[in-house]
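There are 2 protein chains.
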Amino acid sequence: MDPSPRSGCAINAAVEVLGDPWSLIVLRDIMFGNRRHFRELIAHSEEGIATNILASRLKQLVAAGLLSRDDARRGQRVTYSLTEAGIQVLPIMVALGNWGLAHRDGEPRLRVRAALLRDGGPELVAAMMDELRELHLGIPRPDPDTPRPSKQLQAAYQTAMRDATGGLSDGDS
Amino acid sequence: MDPSPRSGCAINAAVEVLGDPWSLIVLRDIMFGNRRHFRELIAHSEEGIATNILASRLKQLVAAGLLSRDDARRGQRVTYSLTEAGIQVLPIMVALGNWGLAHRDGEPRLRVRAALLRDGGPELVAAMMDELRELHLGIPRPDPDTPRPSKQLQAAYQTAMRDATGGLSDGDS
DNA sequence: AAAAGTGATTGCAAAATGCAAGCACTTAGA
DNA sequence: TCTAAGTGCTTGCATTTTGCAATCACTTTT
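Protein chains in written order, with my numbering: chain A, 1373 to 1545; chain B, 1373 to 1545.
Each hint should be verified, as a subset may be incorrect.
One copy or any two copies: either way a pair holds, since identical chains are not told apart in the list.
Below, simulated DMTMM-like cross-link-like pairs (lysine to aspartate or glutamate); rule was C-alpha separation at most 25 Å, straight line [to be verified]:
1. 1431 with 1495
2. 1431 with 1456
3. 1431 with 1477
4. 1431 with 1517
5. 1523 with 1503
6. 1431 with 1535
7. 1431 with 1491
8. 1431 with 1388
9. 1523 with 1392
To be clear, the hints were calculated from the coordinates, so they are not data collected in a lab.
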């Protein structure tokens, strides 16, 4: 599936796995949208990924060690989880979000999360990674008394929605 | 060339421009290898980019506002420069490099830079961006007494080379 | 037994890629 | 002036990847 080490550069190594639009989009939806199942990813996809592309990307990401796949029997619901390597893609997502925020425009609705994540600084990113470890790896958060970052993000998102529109329902997990 | 705003998400906006292996590789070579001309990019490419691909990517990156192109007369040497938006891709490169360093292996020779950039922290990244502004935009560095980060990187690279091999000449830049 | 839901695979047209060759032009050297 | 080398591309063309709709084999629910 992927016999292509074009060079030994660290950036190139990352690019070989992540330098593909759909891989990043899939990871984003799993991270921020908490999608864990094939059809969940298909159904809520903002960008409209096709089933064959999703299938191939999931396979690649599992092979690359960014996702794990619980091997349920055929026909049953399969759960995809982030591995530690997958969770550590979060800082890259944040960097991409910051750049997009600064140099591209987009729907304010969808910019809120990126803005919050930018303003939260490295601490929020670290906290978010802890939450992902809890969700995907079953590792308890180091300080469980802190509110979950996802709650903050969701609250900010809904505030922004209420301000912008008449107040539609959540729209995204 | 690129009429595809698939969604208004900030991450997606970045991915539409940068979510392509070759675009990132080209930007990396311009940033870290200080390549400014077409044939320079072709000749020193670790990964062996083809001329048609390079041409199309340069065109895209200029159109997207990450690069500028000085319009010399036909047949003359054209210089590509990073714009401010292009320079601000550096943190993404660093994030990618960190990830590659942690989760992929590669030639030690090429890992040195990424490691140094990781260990230098946000200050080194900021200093590096200042140096890129000097090189590409002609904006003087805020503290010109500081040694240029590129010198640090190059020194570390050569030390690593000397340690690893018999001591070949620079190999890059 | 039927219907709905699961993660995919298949067929096919369109687009992107990779490779070698060539092009129109300018500059440097004899 | 003639030649050679250097400039940034463009062109063909075979191969691969993508995108889209339909379908499949299987499980669960009704």
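- Given identical chains, is residue 1523 near residue 1503, meaning Cα to Cα at most 25 Å, within a copy, between copies, both, or neither? Answer is within; shortest intra-copy Cα gap is 11 Å, inter-copy 40 Å.
- Copy assignment of residue 1431 with residue 1491, given that the CA separation must stay at most 25 Å: Cα proximity of residue 1431 and residue 1491: none, with 34 Å in one copy and 33 Å across.
- Intra- versus inter-subunit Cα pairing at 25 Å for residue 1431 with residue 1535: For residue 1431 and residue 1535, the Cα distance exceeds 25 Å both inside one copy (40 Å) and across copies (40 Å).
- Query: How would you classify residue 1431 and residue 1388 at a CA-CA limit of 25 Å: within, between, both, or neither?
  - Reply: Both: 15 Å inside a copy, 22 Å across copies.
- Query: Taking 25 Å as the upper bound on the Cα-Cα distance, should residue 1431 and residue 1477 be classified as within, between, both, or neither?
  - Reply: between (32 Å within a copy, 21 Å between copies)
- Query: When no copy is named, should residue 1431 and residue 1456 be tagged within, between, both, or neither for a Cα gap of at most 25 Å?
  - Reply: Answer is within; shortest intra-copy Cα gap is 17 Å, inter-copy 37 Å.
- Message: If the cut is 25 Å between Cα atoms, do residue 1523 and residue 1392 qualify within a copy, between copies, both or neither?
- Response: neither (30 Å within a copy, 32 Å between copies)
- Should residue 1431 paired with residue 1495 be assigned to within, between, both, or neither, using CA atoms and 25 Å as the limit? For residue 1431 and residue 1495, the Cα distance exceeds 25 Å both inside one copy (32 Å) and across copies (38 Å).
- Is it within, between, both, or neither for residue 1431 and residue 1517, if the alpha carbons may be no more than 25 Å apart? neither (37 Å within a copy, 51 Å between copies)
In this structure, the hints that do not hold are numbers 1, 4, 6, 7, 9, in rising order.
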